[in-house]
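Counting in this note's numbering, the sequence shown runs from 1 upward without gaps.
One thing to keep in mind: the hints can contain errors.
In silico DSS-like cross-links for lysine-lysine, where the CA-CA straight-line distance does not exceed 25 Å [as the list claims (entries may be wrong)]:
#1 Lys92 / Lys135
#2 Lys99 / Lys47
#3 Lys2 / Lys135
Simulated from the structure, these hints should not be mistaken for laboratory data.
What you are looking at is a predicted structure, and each value in this text was computed from that prediction instead of being measured.
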Amino acid sequence: MKIVNAEEMREIDRVTIEEYGITSSVLMERAGLAVVGRIMDLCDPSKRVVVLSGGGNNGGDGLVVARNLHNKGLDVSVYLLSTTDRLSRDCKSQFTIAKKTGLKISEGILPGTGDLQNVVVVDAVIGTGLNKPVKEKIAGLIERVNDAGNTVFAVDIPTGISSDDGKVMGAAIRADVTVTFGLPKLGHVLSPGAEHSGKLYIEDIGF
Numbered sequence: 001m002k003i004v005n006a007e008e009m010r011e012i013d014r015v016t017i018e019e020y021g022i023t024s025s026v027l028m029e030r031a032g033l034a035v036v037g038r039i040m041d042l043c044d045p046s047k048r049v050v051v052l053s054g055g056g057n058n059g060g061d062g063l064v065v066a067r068n069l070h071n072k073g074l075d076v077s078v079y080l081l082s083t084t085d086r087l088s089r090d091c092k093s094q095f096t097i098a099k100k101t102g103l104k105i106s107e108g109i110l111p112g113t114g115d116l117q118n119v120v121v122v123d124a125v126i127g128t129g130l131n132k133p134v135k136e137k138i139a140g141l142i143e144r145v146n147d148a149g150n151t152v153f154a155v156d157i158p159t160g161i162s163s164d165d166g167k168v169m170g171a172a173i174r175a176d177v178t179v180t181f182g183l184p185k186l187g188h189v190l191s192p193g194a195e196h197s198g199k200l201y202i203e204d205i206g207f
């Protein structure tokens with residue numbers, strides 16, 4: 001199987017949207033549903049789920065995950081780590097949809113240590129577009145998540161891992177499961193990214 005870097009994946013994404021006519025919102029929905037499927041297969045549905053969503057398209061994927069788990073009757077809380085005026089177009093669209101379902105969304109704040117006790121964590125903070133060290137407040141959150149000892153699902157790639165070379169960009173989530181889309185990225189297979197990714201699932205969402 002081919003392994004790609006961030007630029008190659010962006011080009012695949014572009015071709016899918018511009019030449020094949022599959023919209024970015026459709027791809028986002030498919031990506032989120034793929035993660036939901038893995039969570040339902042691997043986790044106790046009685047456990048509370050905490051979704052950590054950034055303001056980009058990775059965060060939009062996370063909002064799709066949260067909405068669909070909520071619709072299945074799971075206890076889901078979302079921490080949207082960006083203000084709504086800074087969301088990407090698709091992330092903002094997913095935020096608007098999620099709000100209409102009654103999903104619990106905390107906007108622009110970080111979860112405390114108590115919010116991360118005995119939960120399943122979905123990491124959708126920063127995806128494959130990361131090209132600089134994570135900000136200090138995100139690094140602090142990563143440390144709390146890693147120390148809490150919960151089962152962690154990463155959406156596409158663990159936050160803080162470079163998809164180009166697997167390096168830790170300041171701090172990085174240690175996921176138990178990573179669900180990626182289309183093709184594996186170099187960051188999934190090169191150390192230390194491979195160790196941070198945990199069990200890797202590669203889902204076909206139409207690329």
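To see whether the hints hold, each was checked on the structure:
1. Lys92 / Lys135: holds, 22 Å
2. Lys99 / Lys47: It holds: about 22 Å lies between the C-alpha atoms, which stays within 25 Å.
3. Lys2 / Lys135: Between lysine 2 and lysine 135 the Cα gap is close to 31 Å, so the pair fails against 25 Å, i.e. violated.
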